[in-house]
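**Student:** Build the full structure now, drawing on both the sequences and the hints.
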Amino acid sequence: MAVRTYIEAIREGMRDEMRRDPRVIVLGEDVGVKGGVFKATEGLHAEFGEMRVIDTPLAESAIVGVAIGAAINGLRPIAEIQFQDFILPAVDQIISEAAKIRYRSNNGFSVPMVVRAPFGGGVHGALYHSQSLEAMFCHIPGLKVVVPSTPQDAKGLLRAAIRDPDPVLFFEHKRCYRLIRGEVPDGEYTVPLGRAEVRREGRDIAVFTYGLMTHFCLEAAESLSRDGFACEVVDLRSLRPLDRATIVASARKCGKVLCVQEANLAVSVMSEVAAIVAEDCFEYLDAPVRRLGGPEVPGVPFSPPLEEAYMLNTTKIEAALRDLAAY
Amino acid sequence: MAVMRPETSPGSDLDAELLLTMYRHMVRARVLDERMWVLNRQGRAPFVISCQGHEAAQVGMAMALKPGYDWIAPYYRDLALTLVLGMTPRDHLLALLARAADPNSGGRQMPAHYGYRPLNIITGGSPVATQVLHAAGAALASRVRGEDAVAYTSLGEGSTSEGDFHEGLNFAAVHQLPLICVVENNGFAISVPWSKQGHTKDVADRALGYGMPGVIVDGLDPVASYHVMTEAVARARRGEGPTLIEAKVARLTPHSSDDDDRPYKTREAVAEEKAKDCVLRFRRILEERGVLSPGDAEEIRAQCMREVDRAQEEAENSPLPSPDSLHLHVYGDQ
Chain A
766 MAVRTYIEAI REGMRDEMRR DPRVIVLGED VGVKGGVFKA TEGLHAEFGE MRVIDTPLAE
826 SAIVGVAIGA AINGLRPIAE IQFQDFILPA VDQIISEAAK IRYRSNNGFS VPMVVRAPFG
886 GGVHGALYHS QSLEAMFCHI PGLKVVVPST PQDAKGLLRA AIRDPDPVLF FEHKRCYRLI
946 RGEVPDGEYT VPLGRAEVRR EGRDIAVFTY GLMTHFCLEA AESLSRDGFA CEVVDLRSLR
1006 PLDRATIVAS ARKCGKVLCV QEANLAVSVM SEVAAIVAED CFEYLDAPVR RLGGPEVPGV
1066 PFSPPLEEAY MLNTTKIEAA LRDLAAY
Chain B
2 MAVMRPETSP GSDLDAELLL TMYRHMVRAR VLDERMWVLN RQGRAPFVIS CQGHEAAQVG
62 MAMALKPGYD WIAPYYRDLA LTLVLGMTPR DHLLALLARA ADPNSGGRQM PAHYGYRPLN
122 IITGGSPVAT QVLHAAGAAL ASRVRGEDAV AYTSLGEGST SEGDFHEGLN FAAVHQLPLI
182 CVVENNGFAI SVPWSKQGHT KDVADRALGY GMPGVIVDGL DPVASYHVMT EAVARARRGE
242 GPTLIEAKVA RLTPHSSDDD DRPYKTREAV AEEKAKDCVL RFRRILEERG VLSPGDAEEI
302 RAQCMREVDR AQEEAENSPL PSPDSLHLHV YGDQ
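Top to bottom, those sequences are chains A and B. Residue 1092 is where the first sequence ends in the working numbering, and the numbering goes up by one at each step. Residue 335 is where the second sequence ends in the working numbering, and the numbering goes up by one at each step.
Hints were generated in silico from the structure; no laboratory data involved. By construction, the Cβ of each residue, glycine as well, lies at the ideal position given by its N, Cα and C atoms. Take the hints with a grain of salt, since some may be wrong.
[To be verified] Ranges of calculated distance between the beta carbons of each label pair, as one might list FRET restraints:
| hint | chain 1 | residue 1 | chain 2 | residue 2 | range |
| --- | --- | --- | --- | --- | --- |
| 1 | A | 811 | B | 177 | 17 to 27 Å |
| 2 | B | 146 | A | 1043 | 44 to 54 Å |
| 3 | B | 175 | A | 1009 | 42 to 52 Å |
| 4 | A | 1032 | B | 38 | 36 to 46 Å |
| 5 | A | 799 | B | 164 | 17 to 27 Å |
| 6 | A | 785 | B | 38 | 52 to 62 Å |
| 7 | B | 5 | A | 784 | 44 to 54 Å |
| 8 | B | 146 | A | 943 | 30 to 40 Å |
| 9 | B | 241 | A | 784 | 48 to 58 Å |
| 10 | A | 856 | B | 22 | 40 to 50 Å |
| 11 | B | 318 | A | 861 | 30 to 40 Å |
| 12 | B | 177 | A | 1043 | 52 to 62 Å |
| 13 | B | 328 | A | 1017 | 26 to 36 Å |
**Tutor:** So, in structure tokens, the structure goes:
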């Protein structure tokens, strides 16, 4: 086991798959010589050359649309969108095309493509470098949506996404890139899509979360444990498909549920998780399902007091847990 | 670099067999297209969108491609193109009647949303111009593997207003991809004329902005269309990059079976286009050159009618999709 940062694990995941499979290419803005604005693709251009690591024009619909065409013609493209905030011009290609190509061709064509994009706030990125837009893609059948929270998962899930036969949106929390370190197994491994991971076992409150918030929830759970409350923290990892069985098992075991996400709550991932709990766990609940998320404002503001007010943190999560524990 | 307007010299330098093949393809597409309208007007097919007036351009262009090797990202008027490449009237009537055996989509998509894996005809949706990027990506993949396959894409002149048209051509030019983009300019995007889409005289003028050759061809002339496409394909195979071709065609029907063109197209303009019908014009040219006799022309039409009759019967007798199949093929690992 070696210790890696989250972004190193992502870089190694791409590198190892490119070494293993000549069909894997990377395309996006600044991914070549510069190695990406976050350095996720650093070294790939030098190792694999400009035929496989492609600096594209500054045009997101083209990055995804070209990746779709290349996937149809036998490649395994990894398309990098520089910030998730800038994915919107490519949404027609993602939703009208990639998501529907297998279905609309009656299994004649498929799009084995990964779209990587950094998301999330807490890095002074303001409205257009901080959003968490994953929910809009989770609504769409034909897509898979993945958000890793640890280096081990980042690498293993990315390798699984590259090998997946369908389009996978791989959203990386940009604050995790250098903040989160962890052990990464040696050798080749994948982490299967569609399965949540219980990061901490408990019996009192089930906490469902993903991305950076996983770490905040674990800290809050640790704090509550000192007062005798055992929180079970479930990292969803895969937002579409959701791991319904794990969600239901943890909710039934604990009887109290807190859903935590950075994104605002209306029509969100945690709306779906809460609905699953309501449908499948009603008789097991000791308290109403609680949700904690971002405020209903259009984006994360720049000025530090505003950004801090927007973002969740360990203190806010801990308060919600204590409130629920007292119910 | 200037926009090229090659001289039109119909039929001058191709052998008789090739000319007759072109003519047969054009008639076959026309007969099938007309049959689809009949089925629509009889209430047996809910929707038809037509290639009538585009046959010459599509047949000429398709005959310059390698079916099953080159990559094709067509649009909804490309009935004749897909027939030349190897799809059949039966395939298209199965789609028209939404049958399970429709090879495009198994009856999931509206008619004229072409897609056929064995011939590298990439499935298309309804948003326009998205396929230009898919063709660029297919061209990129061929080049990564060191193959000399080209990618062909086509769209209407109205669709060139979309961002994906610009993004696709720019990408293909920057990376010098083997892409041929054909704009079938019939003058109207449903009801809106070219003058309200672009402020250049011709669509092909836009090629200059991308640093690629732009070619304008008389799309009512299959031979001229074949020649410009042959040239563009040869350049692409040699690694000399993309070409934008504008084929000036006619739309001999309203936009679709749901459209009425009377509010936006004068009856005189319609009559003028019909007088230049590319199928009739090519027949006259071949008859004048002694390649085709009136009897041959009637026999070709009769053969096509018989093929379409058979195809219609087979399609009508073919089962509809089972409701149980609704959930199939959302994901590959289901």
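**Student:** So, for every hint listed, does it hold in this structure?
**Tutor:** Status of each hint after checking the structure:
1. 811/A to 177/B: 17 to 27 Å: 23 Å, holds
2. 146/B to 1043/A: 44 to 54 Å: Holds - the Cβ-Cβ distance for residue 146/B and residue 1043/A, about 51 Å, lies within 44 to 54 Å.
3. 175/B to 1009/A: 42 to 52 Å: Between residue 175/B and residue 1009/A, where Cβ atoms are some 45 Å apart, the hint holds.
4. 1032/A to 38/B: 36 to 46 Å: The hinted range 36 to 46 Å holds for residue 1032/A and residue 38/B, with Cβ atoms some 44 Å apart.
5. 799/A to 164/B: 17 to 27 Å: 25 Å, holds
6. 785/A to 38/B: 52 to 62 Å: 53 Å, holds
7. 5/B to 784/A: 44 to 54 Å: 45 Å, holds
8. 146/B to 943/A: 30 to 40 Å: 37 Å, holds
9. 241/B to 784/A: 48 to 58 Å: About 33 Å separates the Cβ atoms of residue 241/B and residue 784/A, which means 48 to 58 Å is violated.
10. 856/A to 22/B: 40 to 50 Å: 44 Å, holds
11. 318/B to 861/A: 30 to 40 Å: At roughly 34 Å between Cβ atoms, residue 861/A and residue 318/B fall inside 30 to 40 Å, so the hint holds.
12. 177/B to 1043/A: 52 to 62 Å: Given about 56 Å between the Cβ atoms, the range holds.
13. 328/B to 1017/A: 26 to 36 Å: This hint holds: roughly 28 Å between Cβ atoms.
Hint 9 alone, counting from the list given before, is not met by this structure.
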